[in-house]
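**Student:** Could you build the full structure based on these sequences and the hints that come with them?
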Amino acid sequence: MKKIEAIIRPGKLEELKAKLNQMEVRGMTVYHVMGRGLQQEVKQYYRGQEVSVDLFPKVKVEVICRDHWLERIVAAIMETCRTGAIGDGKIFIYPVEEIIRISSGERGDAAL
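The sequence shown: position 22 = 38 (my numbering), numbered continuously.
These aren't lab readings, by the way, just hints derived from the structure by calculation.
Be aware that a few hints might be false.
[Unchecked claim] Below, in silico cross-link-like pairs of lysine to aspartate or glutamate (DMTMM-like), each with a Cα-Cα straight-line distance of 20 Å or less:
(1) 35 with 87
(2) 35 with 83
(3) 59 with 78
(4) 33 with 122
[Stated by the list, open to error] Derived CB-CB ranges, DEER-like:
(5) 63 with 33: 35 to 43 Å
(6) 40 with 116: 21 to 29 Å
(7) 56 with 112: 34 to 42 Å
(8) 106 with 37: 20 to 28 Å
(9) 111 with 44: 51 to 59 Å
(10) 40 with 69: 19 to 27 Å
(11) 37 with 101: 23 to 31 Å
Cβ coordinates follow ideal geometry from the N, Cα and C atoms, glycine included.
**Tutor:** Right, here's the structure in full:
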């Protein structure tokens, strides 16, 4: 099993959720986060004062999947979230040793 973490633009979340739902990928965890990568800091004015903005709003989506679903889910994220511009985000993939469903005690694939 794998854990996919995708850091994406907030405006792409609903489209990605719809795409994953269409693929019958139901479980996901979503966080609203701030971050930066290659994006340059931006100077803005707030109440007459110049302010440097160097952290940008992003959304982190986590999905746990069976190994054979990994490439399909990654492809869906890429197709849905790629604009070709700096700030599109990143995808991280981690191995998952075990999953346990708290309510039933099921383990492994049965817990997905």
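**Student:** Sort out which numbered hints this structure fails and list those numbers smallest first.
**Tutor:** Failing hints, ascending: 3, 4, 9 and 10.
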